[in-house]
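Asker: Sequence:
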Amino acid sequence: MIPINISELLDIHSLYYQNSTLYCRVSGGRLIAKFKNSPFYHIMERLDEVEGKFYLTLCGERIQIRQD
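With my numbering applied, the sequence shown corresponds to residues 174 to 241, in that order.
None of these hints come from the bench; they were simulated from the model.
Owing to the predicted nature of the structure, the values given are computational and were not obtained by experimental measurement.
Each residue gets a CB set at the ideal place from its N, CA and C atoms; glycine is no exception.
Careful, some of the hints might be misleading.
FRET-style restraints, in silico, Cβ to Cβ [said to hold, decoys possible]:
id: 1; residue 1: GLN191; residue 2: ARG219; range: 16 to 26 Å
id: 2; residue 1: GLU224; residue 2: ILE177; range: 34 to 44 Å
id: 3; residue 1: GLY201; residue 2: GLU224; range: 25 to 35 Å
id: 4; residue 1: ASN178; residue 2: GLY225; range: 22 to 32 Å
Could you put together the complete structure from these sequences and hints?
Answerer: Pasting the structure below:
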């Protein structure tokens with residue numbers, strides 16, 4: 174794995190949670206990015222659980238986080 178320092182807008186619909194880690198799709202969905210601890214905890218502060226499903230409110234939109 175080679176770390177690359179590229180910034181792009183977060184597609185909140187591409188977020189998913191797996192093995193205690195938050196991931197998203199980048200580069201038009203072609204690649205997977207793993208969140209580092211600091212951004213992960215910042216995003217997870219907004220987490221809500223309803224009937225065993227997890228939701229985030231980001232960018233003014235409430236989305237369900239996939240758990241793979």
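Asker: Could you work out which of the previously given hints the structure breaks and list their numbers from low to high?
Answerer: Going through the list in order, the structure violates hint 4 alone and respects the others.
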